[in-house]
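A.B. asks: Below, each chain spelled out in residue letters.
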Amino acid sequence: MFRFIIRRLLITIPTILVVISITWVLIKLAPGNFYSGEKRLPAAIEKSIREKYGLDKPWYQQYGKTMWNIVRHLDFGTSLRFEGQSVNTIIRRSLPVSAAIGILAYLLALIVGVTIGSIAALKQNSRWDYTSMALAMLGISVPNFVLGPILVLIFSLSLYWLPPSRWGGFPSRNLILPVLTLSAIYMAYIARLTRAGMLEVLRSDYIRTARAKGLSEKDVLIKHALRGGLMPVISYTGPALAFLLTGTVVVERIFALPGLGNYFIQASLNRDEPLIIGIVAFISITLLFMNLLVDIAYAYLDPRVRYH
Amino acid sequence: MSRINWKQLSALVLLAAMACTTLSCAVASSNEVYFGKTTPPARNILRYVTGEEPESLDPAISNGQPESRIYMALYDGLVEYDPKTLAPIPALASHWRANDDSSEFTFYLRRDGRWSNGAPIDANDFVYSFRRALSKQLASRNAYMAYLMKYAQAYNEGAVFVRDPSNGKFLLAKDFDEHLPPDPLAGSPVDAAKGEYQTTAEESQEPADSAFHQAMHTPLRLTLPGDEKARTKLLNADAKIKEAVTGKELVPVKGEDIGVEAIDKYTLRISLTLPAPFFVGMLAHQVFRIVPRQVVEKYGNQWTQPAHIVTCGPFKVKTWQAYHTLVVERDPMYWDAATVKLDEIHFYPMSDNPTIMNQYKVGEVDAVLNHTVPNAWLDVVRTKKDYMDGAEAAIEFIIMNTTKPPLNDVRVRKAFNMAIDKEAWATWRKIVKPLTAFTPSGIFHEYPQPKGDAFNPDEARRLLGEAGYPVTKNSDGSYSCPKFPANQIEYIYNTQESTKNMVEWMQAQWKQNLGITVPLRNMDWKTFLTLRAKLDYVGFARGSWGADYMDPFTFLSLFYTGGENGSGWSDPKYISLLDEANRTLDQKKRYELLAQAEAFMLQAQPIIPIHTASVNWVKKPYVKGMYPNAASLYPWKFVYIERDQAKWDVGTPSLAGGY
Amino acid sequence: MEPENKISPEMAVAEADVRSEESGEVVRGTSLWRDAWRRLLKNKLAVFGLVVVAIVTIASIIGPTVIKSAFGFTPDYIPTNDVRLIRSFPPFTGPNGEFSWAHPMGTDNAGRDQLARVLQGGQISLFVGIISTLVSLIIGVSYGAIAGYVGGRVDNVMMRVVDVLYSLPYVIVVIVLLSMFRSQTPRGQLTLLFIALGSVSWLTMARIVRGQVLSLKNQEFVLAARATGVSGPRIVFRHIVPNTLGPVIVYATLTIPQIMLTEAFLSFLGFGVQAPLASWGSLAADGVQNIAIFPWQLIFPGVTMALTLFSLNFLGDGLRDALDPQMRTT
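Chains as they are written, first to last, in this note's numbering: chain A, 1 to 308; chain B, 1 to 659; chain C, 1 to 330.
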């Protein structure tokens with residue numbers, strides 16, 4: 001197991017470098033520049049800007065410099081759009097916002113989702129099952145760009161209970177609506193995956209064996225059924241949590257939150273090369289790490305899984 | 001099994017429908033006088049949504065409007081915008097004088113100008129800031145705004161003078177370019193320049209003469225590209241210059257060569273290449289606002305960090321949380337601190353319009369930026385007394401690629417223009433004014449704005465037929481134009497809700513009046529700009545422009561440079577008319593020449609004018625001193641929170657009268 | 001539409017396997033499908049789902065044409081000759097506020113008939129949703145199954161490829177795709193849309209299937225199959241994949257709404273259908289802007305979309321139960 005983890009951590013580095021390189025190429029291919037605007041700049045000013053940021057150099061020099069700074073100093077450079085702000089600072093500043101909302105939303109989704117998913121599986125084809133699955137489906141069918149404004153309309157604009165948007169620190173009342181909006185779809189996913197996984201497991205031989213051995217129903221459910229039934233949820237958790245941590249654009253935009261997702265989409269639309277690369281690298285590190293955790297959790301939770 | 005579910009389903013649907021209906025009633029039909037809460041904040045703080053996250057707090061860097069408004073709080077210039085008319089009003093310059101032909105200006109600075117760290121402000125701060133803004137190293141996107149200053153463009157482009165080492169004399173531009181406009185300052189000898197200003201008693205001394213001033217009055221020197229390659233190319237193309245340059249030494253244009261001079265500590269003189277009566281009006285632009293030399297030189301591009309920043313405006317930075325809030329507080333060092341009534345302004349960077357409007361409605365912000373009320377909301381919001389309505393110095397138009405068929409035929413372009421009922425469009429859009437010209441209507445009052453072709457579908461069909469695309473009438477009254485290659489052209493635009501409405505509308509008009517369905521194509525902003533700039537599209541592209549300064553030339557100059565305007569259209573006659581206009585001192589005559597140029601351009605029809613925009617925002621009635629002016633720029637020192645309800649603004653405050 | 005054949009291609013693969021190798025016993029394969037179909041019909045919820053999906057699909061396909069012949073307007077018809085008509089009317093309301101059958105779902109800001117737009121949007125959303133889900137199923141399931149079954153270095157490399165694709169900035173990828181392959185024809189634009197959607201939709205599916213396969217491949221029935229000399233591909237697609245069906249179908253039904261929403265986002269970047277045509281996702285995105293003023297602009301596309309997704313989901317559940325190999329054995 002230990003060797004497996006080390007090996008996976010080692011392979012992470014080339015993977016991230018590949019991601020960064022592909023991203024770099026993509027940015028170079030994308031039309032437009034961070035400085036282009038409605039009125040075209042005089043050619044001389046455009047040239048000065050390109051010289052200032054080293055964009056006039058041959059591509060291999062630009063690529064080499066970018067990669068060298070990243071590999072050697074873990075330095076992603078300075079944002080092109082936000083003059084003088086280093087990419088590392090921007091990520092450090094905006095990550096806590098995204099992470100706070102993402103983790104809260106995922107915890108909420110996990111607790112509610114697993115609970116109603118398990119209930120639905122245990123009482124398959126009952127009223128409970130249908131109600132919880134209908135609710136879950138509602139969560140999936142209503143996109144968050146619709147759910148968010150509806151919640152705002154109810155709780156902020158009509159009842160005046162909660163602030164409609166903006167970051168208010170942690171913890172604060174401002175968190176409630178974005179967390180709810182964000183968690184709805186994950187809650188629904190988790191509920192459905194839990195139900196499916198549980199149903200699968202409940203019919204399997206080892207549960208029958210456990211029951212036959214005379215274990216109490218509670219033990220069977222919690223120690224065995226839930227453990228196995230959560231496998232699809234865990235698979236799903238890796239990427240889901242990685243994306244939640246690194247920000248979700250829609251929610252951050254609807255609620256005007258200073259999170260990483262907001263920066264990411266704006267940087268992409270503004271062709272802010274260092275910022276895009278920095279955030280992409282960060283996202284991919286998080287993702288790889290989460291997936292590693294998932295694989296470890298697999299081995300731990302499911303004795304049938306073996307890594308060689 | 002299914003019965004339960006039917007019940008649940010219908011219950012859910014019913015619930016959702018009910019919730020939506022009641023809520024929409026709660027929001028839409030409230031017959032209040034104002035939109036949302038009107039409780040003034042407890043302290044004298046203005047919470048303002050300024051748009052996108054500011055790129056930088058350095059006034060020389062950004063050319064965006066959200067930033068402009070922040071710079072107006074933090075930095076002062078020689079002049080400030082009038083809160084209503086946007087005409088220049090005294091700021092750090094208490095008064096100024098122009099020479100006879102408005103090609104040279106002398107500014108008299110107030111003695112009590114101070115930086116936020118207490119250091120005094122003098123004329124050298126301006127000289128430093130102007131040179132910095134124009135330096136190649138800074139690469140400011142706004143630098144072109146200052147090109148009117150002598151040698152400013154040459155310095156910004158990194159050009160070189162040519163000097164004869166034998167006698168130390170510079171080669172002159174007029175010897176190599178017969179089309180060059182006459183040099184205004186060279187025409188007035190320095191002796192005359194000495195007496196060109198009428199001094200008043202309050203001025204301690206007459207502006208002194210200096211070697212620099214003399215140099216400014218010598219004929220314009222020849223400048224060549226500093227870049228070796230570009231220079232060689234130019235020299236190879238022009239044998240006369242090549243011969244003259246051979247054996248001469250090349251002297252880089254330096255910051256010190258720019259036509260700005262500190263005559264003494266509190267007197268600044270600016271010399272221009274052209275007569276420009278509107279120049280003082282441009283000086284309120286952010287690129288002319290000053291930055292603190294010591295701090296900038298000490299911290300480099302980190303100088304705008306809250307820990308380091310030193311400013312000179314009515315407010316100074318208190319805290320800055322990116323993508324969240326920029327808090328600026330009243331600066332006691334500010335020379336006009338007595339006028340400043342707000343203790344703080346909180347700038348919120350937000351860009352989603354419904355989100356902004358919600359924030360406004362619940363009373364979490366006091367005023368919002370321009371163009372935030374979505375079109376569909378206007379029915380409701382426009383009836384409220386806190387809706388701000390007024391003419392805007394901005395236009396919306398369609399650019400056509402005149403280099404590719406079928407739109408390379410002027411008859412086709414004219415047909416497409418005449419097939420749009422702009423009156424109807426303006427009626428639908430509710431707040432805009434129909435436009436047939438290329439300058440906004442109702443902004444430049446003395447300007448004899450020409451009229452373009454009016455809505456005339458019959459003529460449009462006739463013109464198309466003449467161009468080889470006959471339009472036939474179908475039995476059901478609709479038209480069709482089978483020969484027109486509609487599927488080979490497109491109408492490109494950037495993704496934005498209001499723009500989408502507009503292009504769909506135009507498409508419907510063409511379909512109805514010409515029987516031609518032009519395919520629409522949206523894309524992200526930067527892709528759109530690139531395709532348009534490179535003329536990498538066939539057909540139509542969205543265009544819009546807001547004034548950089550209050551003169552028709554800011555619009556007409558879009559087509560001044562050849563081909564870079566997205567249409568590929570360029571005409572020497574147009575350019576020479578504009579040049580002539582800008583050489584003309586008499587304002588009325590100048591306007592006539594500009595109007596001639598505009599009429600000439602409208603005849604060639606590289607664009608289809610659509611409308612003059614209107615400002616479209618809301619502010620709480622207790623926010624006073626903030627006016628819906630044509631550029632949506634607000635000198636913050638005049639803004640205050642009025643607690644006496646009787647004095648609140650009811651409806652859009654008038655732009656007439658003093659401030 | 002024959003969703004029962006489309007939703008589970010891996011079953012089709014398995015069945016083809018049966019036919020080719022045991023060519024004499026085609027009857028058995030057919031009865032398998034007949035069995036499943038019978039079980040499906042017993043499940044009332046699934047039948048309900050099937051009926052709704054069928055109705056929505058048929059309405060979307062023929063609706064716009066019917067409306068055009070009945071009332072004379074198309075989904076993109078803006079009445080520019082009468083500005084008074086270019087505004088958002090509530091459902092069943094005529095220009096003067098009177099009752100009218102002309103616009104049962106009201107009109108949008110440009111005075112276009114919402115019903116026609118919702119139906120036309122259905123064409124796009126359903127098509128996009130189903131095709132992309134199929135792509136996600138075919139690529140994702142095979143990829144994940146192979147990675148999980150082969151394991152070791154192959155698994156490692158294959159999963160790192162998924163990680164890389166996951167991490168790439170999607171917005172930039174789409175912008176580059178769009179600028180490199182500019183297509184003026186609607187067909188070309190649709191193809192591009194599928195490339196853009198397909199390139200991401202299978203990633204999570206692959207991870208989920210791989211996870212399932214990892215836990216299944218050491219189970220007795222697989223070991224038994226291997227011991228009797230069944231070939232690798234056959235084990236994967238004949239024995240393992242059918243056992244992952246539960247989560248796969250659940251996830252596939254979850255993918256459809258996700259894809260419809262991604263499609264709405266892609267239309268922001270200029271991918272897929274161009275205005276004035278719209279999809280459910282983009283109609284909802286537009287409607288939500290005016291939720292406080294003209295709620296019907298959101299309610300109708302939103303409810304139609306939600307109802308369809310509901311039904312697809314019930315149908316998916318029914319299919320899962322009907323095709324479940326474990327249920328079949330009992």
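The set of hints was computed from the structure by calculation and includes no laboratory data.
These figures come from a predicted structure and were not determined experimentally.
Honestly, I wouldn't trust all of these hints.
In the SDA-like style, the derived pairs of lysine to any residue whose C-alpha atoms are separated by at most 25 Å in a straight line are [what the hints assert, rightly or not]:
| hint | chain 1 | residue 1 | chain 2 | residue 2 |
| --- | --- | --- | --- | --- |
| 1 | A | K57 | C | G229 |
| 2 | A | K57 | B | L234 |
| 3 | A | K52 | B | S56 |
| 4 | B | K37 | A | G77 |
| 5 | B | K385 | B | E642 |
| 6 | B | K233 | B | E249 |
| 7 | A | K39 | B | G281 |
| 8 | A | K52 | B | A230 |
| 9 | B | K430 | B | L535 |
| 10 | A | K39 | B | E642 |
A.B. asks: Could you check the structure against the hints above and give me the numbers of any it violates, in ascending order?
C.D. replies: 1, 4, 9, 10
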